[in-house]
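Read top to bottom, the protein sequences are chains A and B.
Note that our numbering has the first sequence beginning at 206, numbered continuously upward.
Note that our numbering has the second sequence beginning at 1432, numbered continuously upward.
In case anyone wonders, no lab produced these hints; they're calculated from the structure.
The hints are all genuine.
Which stretches of chain A does chain B cover? Using the computed rule of at least three CB atoms under 8 Å from a CB of chain B, they are: (1) 243 to 255; (2) 291 to 303; (3) 308 to 315.
The list that follows gives simulated cross-link-like pairs (lysine-lysine, DSSO-like), each with its CA atoms no further than 30 Å apart: (4) A:271 with A:219; (5) A:260 with A:271; (6) A:246 with A:219; (7) A:246 with B:1457; (8) A:260 with B:1457; (9) A:260 with A:219; (10) A:246 with B:1487; (11) B:1501 with B:1457; (12) A:246 with A:271; (13) A:269 with B:1457; (14) A:269 with A:225; (15) A:269 with A:246; (16) A:225 with A:246; (17) B:1501 with A:246; (18) B:1487 with B:1501; (19) A:271 with A:225; (20) B:1500 with B:1457; (21) A:246 with B:1500.
Heads up, incomplete: computed chain B residues facing chain A, CB under 10 Å, no partners named: (22) 1435; (23) 1468; (24) 1530.
We put the beta carbon where it would ideally sit given N, CA and C, even for glycine.
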Amino acid sequence: GAVVSQHPSWVICKSGTSVKIECRSLDFQATTMFWYRQFPKQSLMLMATSNEGSKATYEQGVEKDKFLINHASLTLSTLTVTSAHPEDSSFYICSARPALHEQFFGPGTRLTVL
Amino acid sequence: SQQGEEDPQALSIQEGENATMNCSYKTSINNLQWYRQNSGRGLVHLILIRSNEREKHSGRLRVTLDTSKKSSSLLITASRAADTASYFCASDSGAQKLVFGQGTRLTINP
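Work the whole structure out from these sequences, hints included.
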């Protein structure tokens, strides 16, 4: 089946630093990838839709200058959390969409900002 | 909130019993999907039901969809300890993105 990987699986950083998270579709091409954030014991909240070769579409309330998304190829999207603060600590999950109705999810990246 | 609702929020049953989770969504949909998430892990796709379908089966899973009530249910029969996880419904309105319900935390007691 379709596999999506994320790297790193967990990261701890100091407040004020930037962190980059990669999302890769391993065995298919994805023109669209999605980035979600999940706080403990809560559901997934869509942050942005990443389209290959164009600018990402951000959901209301998500700061595009803080969460930089780059989708430079059909198999890779990156999310950079700039100037991270403790309130950005969360579980970040990406998904990739090879077909009209399917999404395949990555294993997630746990970010802890000290 | 854009999110749908699920109930119960938490469910604890004995192994072998059936577990039923309900989901409501807010907009018209193309399809509705159910996912499982083990603690601290990514999502596993369980089943997709299209808007023109009313019931779908996959192994021990049975999903129903009532578009008039904007609701869906997931039934897991003959539950096992390995079914312990959080379960989320996600509605697809055709606008490319999924809207997740708040989830049900299911615990199967041996």
